[in-house]
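Listed here are the chains, written in short residue letters.
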Amino acid sequence: SQTIHQWPATLVQPVGSPLSLECTVEGTSNPNLYWYRQAAGRGLQLLFYSVGIGQISSEVPQNLSASRPQDRQFILSSKKLLLSDSGFYLCAWSMGDHSRFFGPGTRLTVL
Amino acid sequence: AQKVTQAQTEISVVEKEDVTLDCVYETRDTTYYLFWYKQPPSGELVFLIRRNSFDEQNEISGRYSWNFQKSTSSFNFTITASQVVDSAVYFCALSEDSGGGADGLTFGKGTHLIIQP
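Going down the list, the sequences are from chains A and B.
Read in my numbering, the first sequence has 3 at position 3, and its numbers run on one by one without any break.
Read in my numbering, the second sequence has 1049 at position 49, and its numbers run on one by one without any break.
Treat the hints as calculated values from the structure; they're not laboratory data.
Be careful, since some hints might not be right.
[Stated by the list, open to error] If you want a taste of the chain A side facing chain B, the calculated C-beta under 8 Å gives, among others:
1) I75
2) L90
3) G105
[As the list claims (entries may be wrong)] Using C-beta positions, here's what the derived DEER-type ranges look like:
4) A:S67 to B:K1016: 45 to 53 Å
5) A:K80 to B:T1031: 36 to 44 Å
6) A:S77 to B:P1040: 24 to 32 Å
7) A:S77 to B:G1062: 35 to 43 Å
[Said to hold, decoys possible] If you want the ones that stay clear, here's a sample from chain B, every Cβ over 12 Å from chain A, calculated:
8) V1046
9) D1086
10) G1108
Even for Gly, the Cβ is constructed at its ideal location relative to N, Cα and C.
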């Protein structure tokens, strides 16, 4: 069966510091991968998605970037965090069949 | 453009009561997919159900049931004999066939369900 991992689970970072969140998927090959952010107030916003290694599509312009160095690895990064980057970050995967399965999330607080 | 509306921001019921969470969607596609997810306090989004637009049969899974009505563009979710563990935020979502796969999944704003003991 497929599983999806995210780390760290919780992160507190100062403004201006770099960020690296990692997501890995097990039990499947060539999945579509996604990064979502959920700010206070519960709305889910799609940040990035990837259909293959090195292929990244950005949904909204922002202070963040994503990379997919391996088939089942998806990384969310920032060079300099802003206060507005605080939120709950969720990684998800699918096989392009309209289903989407989410990881446990990373709660990021920028101070 | 696709849209999902969950008009109930928060619902509070006493344990063992039945509760229905409403979901109304908008789409121009004839082929689309509807979902419900549960987000407990831990934060993880738990997949509950996926329904495609060609299958209007209602579904029951234990205490959970889903009523899909294309005539009213609704996909409502009912919990029978609610339990405290059902307390969570529930999201309804829509994916259009033309925009599916890599993108195109639109979420409602969620309904916070509180089950009081």
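Okay, the hints, checked on the actual structure:
Interface restraint check for A:I75: the shortest CB-CB distance to chain B comes to about 18 Å, outside 8 Å, so the restraint is violated. This hint holds: A:L90 has a C-beta 6 Å from the nearest C-beta of chain B, less than the 8 Å allowed. This hint holds: A:G105 has a C-beta 5 Å from the nearest C-beta of chain B, less than the 8 Å allowed. A C-beta distance of roughly 49 Å is found between A:S67 and B:K1016, which places it inside the suggested range of 45 to 53 Å.
Checked against the hint of 36 to 44 Å, the pair A:K80 and B:T1031 passes, with Cβ atoms roughly 43 Å apart. Range check, A:S77 to B:P1040: about 28 Å between beta-carbon atoms, so the 24 to 32 Å window is met. The hinted range of 35 to 43 Å is satisfied by A:S77 and B:G1062, whose Cβ atoms lie roughly 41 Å apart. Residue placement check: B:V1046 does not keep its beta carbon more than 12 Å from all beta carbons of chain A (closest about 8 Å).
The Cβ of B:D1086 lies farther than 12 Å from every Cβ of chain A, with a closest approach of about 17 Å, so its non-interface assignment holds. A Cβ of chain A approaches the Cβ of B:G1108 within 12 Å, the least distance being about 9 Å, so the stated non-interface status is violated.
In terms of the numbered hints stated before, the structure departs from hints 1, 8 and 10, listed from lowest to highest.
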